[in-house]
Amino acid sequence: MSRQRPLLVPATPATPERPGGAAVHLRFDEALIEARASDTLATAMIAAGVLMTSRSPKYRRPRGPYCLSGDCGTCLVRVDGRPNVRACMTPVREGMRVSSQNSYRPKQLDPTQLVDSLFPGGIDHHHLMVRPRIVNQVMQEFARNLTGFGELPEGVDTCSYEYLAHELPVLIIGAGPAGRAAAAEFEAAGIDHLIVDRLDRAQLAANVDATSPEPPPHPPAKLLANTGVFGIYPGPHQVFPGRERDLALVAASEHHATVERLHAFRPHHLMFCVGSRDPMLPFPNNDLPGIVSARGLIRALRRADARIAGPCLVVGEGPWATAQRDALDQLRAPHAAKVELVSPTQIERAIGGERIEALICHGGGRRSCALLAIAEPPAPAHELAAQIGVALRFDGGGFAIERAPAPAPHGRCGELGGTSLWAAGDVCVGVDPASGQAAAARDGARVARALVDVLAAAPHELRDATHFAPASPPQPPTLRERPVVGDRFAEDPP
Amino acid sequence: MSERTFVCRCEDVTVSELEHAFAAGLTTIEEVKRYTGFGTGPCQGKECMAALARELVRRGLATPAALRPFTARPPAEPVSFGALAAAPDPYVDPLPSRLHADPLGDADPLADAQEPPST
Chain A
1 MSRQRPLLVP
11 ATPATPERPG
21 GAAVHLRFDE
31 ALIEARASDT
41 LATAMIAAGV
51 LMTSRSPKYR
61 RPRGPYCLSG
71 DCGTCLVRVD
81 GRPNVRACMT
91 PVREGMRVSS
101 QNSYRPKQLD
111 PTQLVDSLFP
121 GGIDHHHLMV
131 RPRIVNQVMQ
141 EFARNLTGFG
151 ELPEGVDTCS
161 YEYLAHELPV
171 LIIGAGPAGR
181 AAAAEFEAAG
191 IDHLIVDRLD
201 RAQLAANVDA
211 TSPEPPPHPP
221 AKLLANTGVF
231 GIYPGPHQVF
241 PGRERDLALV
251 AASEHHATVE
261 RLHAFRPHHL
271 MFCVGSRDPM
281 LPFPNNDLPG
291 IVSARGLIRA
301 LRRADARIAG
311 PCLVVGEGPW
321 ATAQRDALDQ
331 LRAPHAAKVE
341 LVSPTQIERA
351 IGGERIEALI
361 CHGGGRRSCA
371 LLAIAEPPAP
381 AHELAAQIGV
391 ALRFDGGGFA
401 IERAPAPAPH
411 GRCGELGGTS
421 LWAAGDVCVG
431 VDPASGQAAA
441 ARDGARVARA
451 LVDVLAAAPH
461 ELRDATHFAP
471 ASPPQPPTLR
481 ERPVVGDRFA
491 EDPP
Chain B
1 MSERTFVCRC
11 EDVTVSELEH
21 AFAAGLTTIE
31 EVKRYTGFGT
41 GPCQGKECMA
51 ALARELVRRG
61 LATPAALRPF
71 TARPPAEPVS
81 FGALAAAPDP
91 YVDPLPSRLH
101 ADPLGDADPL
111 ADAQEPPST
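Residue numbers (UniProt numbering), protein chains in the order written: chain A, 1 to 494; chain B, 1 to 119.
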């Protein structure tokens with residue numbers, strides 16, 4: 001297979017009117033990659049056929065991006081001296097210096113890859129080299145130095161940090177179809193709110209299905225993009241008597257190239273519109289670089305305005321997989337081979353090295369592919385709701401939020417202190433991601449209307465949002481440049 | 001390369017390791033996590049937990065009603081220590097109403113921070 005041929009090509013040639021087409025140059029390890037301004041690091045690397053970003057921690061196998069939407073942990077790279085940056089969430093910049101993590105260079109000669117062949121039966125850490133004790137200690141020391149995630153950042157931190165606190169009637173987490181539809185309802189009802197999403201505006205715009213009339217096509221007016229909610233906590237004073245009804249604290253981090261802003265929201269009503277994730281499908285060698293999630297690939301292609309140029313297969317069955325295959329087939333370059341669907345039951349194993357080369361099917365059939373898109377039914381993104389004890393139920397795909405039954409307003413799923421919790425869209429029991437974005441949007445709007453009714457009966461919660469920045473925020477200590485020796489900073493001179 | 005089927009790619013947990021755990025009588029997600037280490041990598045179960053739950057149900061080792069996810073803990077998204085250090089102490093500091101209320105001019109939360117000019 002040709003490694004020179006690009007896997008993705010631009011949908012439209014670069015013109016001065018379309019700055020998304022302008023060329024951007026970056027370096028990945030030894031390779032010089034030419035990308036376009038609309039690319040993320042992950043799409044730029046896939047386009048160039050550079051799929052391997054790291055080696056796995058235990059068996060030292062090649063790994064690359066999978067979900068392309070910020071969920072999985074295998075596209076982590078080192079960018080301009082900063083470790084563990086998600087390639088799929090990072091827009092490209094001219095002169096970016098990117099390197100792979102957890103692998104010794106040159107990648108082809110990395111001696112640690114022998115671990116995979118030396119232990120064909122697997123490494124059982126409960127029994128392997130546990131006794132005698134001295135062997136165990138040597139092995140532990142060896143394994144600790146061999147693996148891990150990234151290395152310490154280089155030099156001084158060039159980022160600055162800010163803090164903002166907010167008290168507001170409604171906070172929506174997730175600007176997908178459900179969140180957008182809910183925000184539109186609040187906008188129409190004149191209720192002050194904020195909607196946060198960890199993705200950037202370009203990715204959010206690309207994620208909206210252009211063919212359906214819902215959700216609203218315009219981005220919400222009160223959108224905080226690049227803002228990932230990382231934790232939900234009881235209000236700090238909630239433990240004191242008489243303060244049980246204090247508002248909960250929703251903590252989020254807003255990432256930009258040189259600024260990171262910590263947000264502390266205290267909402268009267270918190271709405272989960274967090275959507276769903278794409279799980280992995282188990283089959284032999286399902287970890288090869290080039291195996292990606294189908295939905296993630298579709299969204300990444302739309303965002304980067306790119307088309308598939310290499311051979312691509314979709315794995316899955318049922319209406320969900322068929323829909324993903326059709327969408328991917330629309331996104332292939334005219335000269336590329338048709339995107340075909342393979343049933344998971346047909347797969348014997350995948351083969352390849354630093355990237356996938358083919359699928360071996362039962363009965364000996366070999367199907368070449370450079371990209372293998374997994375179209376398993378999505379699993380609800382329950383993690384944030386689970387942190388605060390919202391009721392969850394396994395719905396066949398994953399753990400979904402179980403909302404309160406009928407007498408309660410539609411969408412209500414609990415409370416934390418004085419904050420009432422709501423959920424809408426794919427994350428809930430009974431909303432099937434396969435029924436499309438319009439179903440999630442309708443659910444979001446319906447929950448928002450129920451919430452508006454509740455707010456009408458509680459005028460004290462309706463006050464406009466207030467935003468606070470501390471007069472003299474604490475700042476992290478100034479970092480001095482210290483050389484890194486091995487895996488530690490050099491000791492201070494005496 | 002050896003032939004391996006992964007359930008958790010972050011921590012390299014294969015289906016055969018899951019089978020060891022099942023053979024040891026561990027059939028809840030929390031137990032399997034503690035035995036194999038799945039879900040303890042950078043994705044924190046976002047990619048693998050649903051795959052394991054589906055596997056448990058498919059093999060008849062658990063009923064959907066009895067399945068529970070393992071404990072979810074912050075941070076669910078990356079946040080740097082520098083940003084956390086910028087937060088006032090929630091116990092020592094006054095409530096927001098007594099904080100210096102900056103009008104939304106400079107610190108407009110809806111304004112995207114300045115991206116550096118590309119060179």
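If you are wondering where the hints come from, they were derived from the structure by calculation, not from laboratory data.
Bear in mind the structure is a predicted one, so any value in this text is a computation, not a measurement.
Glycine included, every Cβ here is placed at the ideal spot set by N, Cα and C.
Keep in mind that a hint or two might mislead.
Here are a few chain A residues that face chain B, going by a calculated C-beta distance under 7 Å [to be verified]:
1. Arg27
2. Asp29
3. Ala31
4. Ser56
5. Leu384
Quick rundown of the hints versus the structure:
Here the hint on Arg27 (chain A) is broken, as its CB sits about 14 Å from the closest CB of chain B, past 7 Å. Given hint, Asp29 (chain A) at the interface with chain B, is violated; its Cβ is 20 Å from that chain's nearest Cβ, farther than 7 Å. This hint is violated: Ala31 (chain A) has a C-beta 20 Å from the nearest C-beta of chain B, more than the 7 Å allowed. Annotation: interface hint on Ser56 (chain A) holds; nearest CB of chain B at approximately 5 Å, less than 7 Å.
The beta carbon of Leu384 (chain A) is positioned within 7 Å of a beta carbon in chain B (closest approach about 6 Å), and the interface hint is therefore held.
Hints 1, 2, 3, counting from the list given before, are not met by this structure.
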